[in-house]
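Model the placement of chain B on the given structure of chain A, informed by the hints.
2 protein chains.
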Amino acid sequence: MKFVCNQSDLTKALSTVSRAVTSRTTIPILKGILINAENEDFISLTASDLDISIETRINASVSERGSIVLPSKLFGDAVRKLPQGNVSFQENENGNVDIKCLKTNFKIMGIPADEFPKIYGNMDGERISLEKKTLREMIRKTCFAAGTDETRGIITGVLMELKKGMIHMVALDGFRMAVVREKTKNEDEKSIIIPAGIMSEVGRIMSDAEESKPAAPSGEKEGEEIAEKEDFFEILTDGKKAVFDLKNTVVVSRLLEGSFVKYEDILPKEFKTSLLLNKNEIKDSVERASVLIREGKNNFIKIEILDGRMVLTSRNEEGSFRDEIATDQKGDDLEIGFNAKFIADALKAVSDEEIRMEFNTSVTPCLIRPTEGNAYEYLVLPVRLASG
Amino acid sequence: MKFVCNQSDLTKALSTVSRAVTSRTTIPILKGILINAENEDFISLTASDLDISIETRINASVSERGSIVLPSKLFGDAVRKLPQGNVSFQENENGNVDIKCLKTNFKIMGIPADEFPKIYGNMDGERISLEKKTLREMIRKTCFAAGTDETRGIITGVLMELKKGMIHMVALDGFRMAVVREKTKNEDEKSIIIPAGIMSEVGRIMSDAEESKPAAPSGEKEGEEIAEKEDFFEILTDGKKAVFDLKNTVVVSRLLEGSFVKYEDILPKEFKTSLLLNKNEIKDSVERASVLIREGKNNFIKIEILDGRMVLTSRNEEGSFRDEIATDQKGDDLEIGFNAKFIADALKAVSDEEIRMEFNTSVTPCLIRPTEGNAYEYLVLPVRLASG
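Taken in sequence, the protein lines are chains A and B. If you count by the numbering used here, then the first sequence holds residues 1 to 388, one letter each, in order. If you count by the numbering used here, then the second sequence holds residues 1001 to 1388, one letter each, in order.
Okay, chain A solo, but in the shape it has when bound:
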């Protein structure tokens, strides 16, 4: 194996694929990164923890084809510290790789590539085409609400559901639920459940790629067309795995099997109290209330709705907090308690300036949603307030 590539391209690619490297594995080769130099003008780097696999391509001038695995931490650290410019890689007879840049020379012990797991073969399956921006926003607005306790199976996943020209994404953990809905050109009916942690990684990889993307050439018809195509990507799935094809980078995720909660049935349709609120005003107030909140115990805020005002209070042994927000209260007065974090998380995910918060009783869930339509719905269960 012998090739020359650019130091900064390689550094970026290594930081992308490193997201799939786990230190917890008992399979030594999974601590490595596979270099594949099987073509003339590019190489690919691959890492996998078997749940998630990431492969990315960069331009390279390959003079001797080959492939090898290098220990990820040393490989990444060494490349990052190299001078900027061209870096040459050459495999020695004894299986070491010489990495050279000017007078600087790293020699890293390689591991034969044939032990590295194949991340996906010629997969048959269905294709879902989506706008990158749409998926990124949907990930940001749902994944935080998924369960984190891995023994709880299906609720650690995010449901992605295609139905009647719409795409829905749903995450829940038993105390709260996030539902977002977007239009799609896809006409298929299809649903898959992706581990929320992997879905978040996909979002991060998309954001990284977005940041390092060169500005699109303006005023050129051809350039514009290419940019439009690049705004989309495909998900290919065979029911066991999902392949996110982001052009130069491919992410493969295992899927969760089982049936997801019937989320539409849980969403309340009618409300006894409805409030129109400035989102930042209530977000700031909940964050202030949270100053008195300790993780684990006493972690709730009390909300009182009366006379067209919302009064938020919280307390601990050192002090107390009280804030008032004006609203257009429609319906009954109410006194209700919430885990402050669950309300804060939902409000952070919303981009709208105004939102609607809707309630029924002090022991039934509250719904946060847009002033019109149902592009997102956050359901939060209340906590029971001690009487008196």
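No lab work stands behind these hints: they were computed from the structure. Any given hint could be a false lead.
Partner residues are not named here, just some residues of chain A that face chain B (Cβ under 7 Å, in silico) [as the list claims (entries may be wrong)]:
1. 74
2. 105
3. 109
4. 283
5. 287
6. 320
7. 324
A few chain B positions that, by computed beta-carbon distances, are all more than 12 Å from chain A [as the list claims (entries may be wrong)]:
8. 1026
9. 1173
10. 1211
11. 1231
12. 1247
13. 1248
14. 1261
15. 1273
16. 1328
17. 1331
18. 1332
19. 1350
20. 1351
21. 1353
All C-beta atoms in this analysis are idealised placements derived from N, C-alpha and C, irrespective of residue type, glycine included.
What follows is chain B alone, placed relative to chain A:
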């Protein structure tokens, strides 16, 4: 106690004094911050862990004098989350403090101020006047080299020595030593030993103050004169304590007692090998070599000096590193090993583009110093290389 002050002034002041709050104390009141509102137009905030105490002043409009202690974390978090603008403080009959800003209201349980330790009284002692910028640079260039093992007494301190119109600062940990020298207008002969951790805090407080300082009014004679005065500060010491008077902020440090190492005697005066080096070139190279280094074991780089070149190598079980730097070698060839971190730390502290590195044998210390003069000298002990 009753006063009004500005939220952002208060936030800054709290972040400054919080540096003296320790969570490890067994004295509950030291987890608090003392508010002193004993004057008409300012309040002071004070925190202390008995080793270091910090007091800072901000403008306030005081309508009822008084003082009280508030728990530092809740106090800081609450103020930081308040809306920007004026904040009013009022002590209640039951010893709580009401903190109000528009409709937002925190109530925090106070602790009587008389239990709070007095950080310094009317102290008699000597005064050292210094330029702030000079001290900040001297701190940055020495403190990292001090010992961190608190059982080792005096070497956890930084020596500050006034002698013949010069100020010297020295730190060492038994493996390396940092000496910096600056001119001063002070004619006194004086030396104190300040705990290195506290000295670093003083440096950070000075940097914070520098960043938040409004730009000096330009073109005004008066403005310029004030700015000049503000560039200086005073250290007042009675041999037990040192008071750093930075105008609006005062830091009080306990001093270490005992006699410091006779550092001038340790500094070698003659060398068998002398190299002129580009600082960034060797710094980058040592950082690259460090990629293969694991804390604790096998943490050295090997330096070979021959034929006007410096060859740096390092290795571990996964690979090896080699780099070459051109120098103007004067004197003998040499092969010597160092703890990479000690060389890297010294090179990071130096601001010069070119430096001199000087050696005698493979078992005697190396000296890093300017190409001319002795404004700084870093002494680093070598590690013994395994033969072969």
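These are the hints, each one checked on the structure:
Below 7 Å, beta-carbon pairs count as interface contacts, and residue 74 of chain A has one with chain B at about 5 Å; its hint therefore holds. Taken as an interface hint, residue 105 of chain A checks out: its beta carbon lies about 5 Å from the nearest beta carbon of chain B, inside 7 Å. A hinted interface residue such as residue 109 of chain A counts as satisfied when its beta carbon comes closer than 7 Å to some beta carbon of chain B; here the least separation is about 5 Å, so the hint holds. Given hint, residue 283 of chain A at the interface with chain B, is violated; its Cβ is 11 Å from that chain's nearest Cβ, farther than 7 Å.
Hint status for residue 287 of chain A relative to chain B: holds, with the closest Cβ pair at about 6 Å, below 7 Å. With a cut of 7 Å, the hint placing residue 320 of chain A at the interface with chain B holds, because the nearest CB-to-CB distance is about 5 Å. Proximity of residue 324 of chain A to chain B holds as hinted, the smallest CB-CB distance being about 4 Å (cut-off 7 Å). Residue-level check passed: residue 1026 of chain B sits 19 Å from the nearest beta carbon of chain A, beyond 12 Å.
Against the 12 Å criterion, residue 1173 of chain B stays outside the reach of chain A, whose nearest CB is about 26 Å from its own CB. Residue 1211 of chain B, annotated as away from the interface, keeps every beta carbon of chain A farther than 12 Å; the closest lies near 25 Å. At the 12 Å boundary, the C-beta of residue 1231 of chain B stays outside the reach of chain A, the nearest C-beta of that chain being 38 Å off. Annotated as non-interface, residue 1247 of chain B keeps its C-beta farther than 12 Å from every C-beta of chain A; the closest such distance is 31 Å.
At the 12 Å boundary, the C-beta of residue 1248 of chain B stays outside the reach of chain A, the nearest C-beta of that chain being 27 Å off. Annotated as non-interface, residue 1261 of chain B keeps its C-beta farther than 12 Å from every C-beta of chain A; the closest such distance is 35 Å. The claim that residue 1273 of chain B is not at the interface with chain A holds, since no C-beta of that chain comes within 12 Å of its own (minimum 21 Å). At roughly 17 Å from the closest C-beta of chain A, the C-beta of residue 1328 of chain B stays outside 12 Å, upholding its exclusion from the interface.
Distance to chain A confirms residue 1331 of chain B as a non-interface residue, since its nearest Cβ pair spans about 23 Å, more than 12 Å. At roughly 23 Å, the least C-beta separation between residue 1332 of chain B and chain A is larger than 12 Å, which holds for a residue marked as non-interface. The Cβ of residue 1350 of chain B lies farther than 12 Å from every Cβ of chain A, with a closest approach of about 19 Å, so its non-interface assignment holds. Residue-level check passed: residue 1351 of chain B sits 22 Å from the nearest beta carbon of chain A, beyond 12 Å.
The beta carbon of residue 1353 of chain B is kept farther than 12 Å from every beta carbon of chain A, the shortest such distance being approximately 17 Å.
Of the hints listed earlier, the one the structure fails to meet is number 4.
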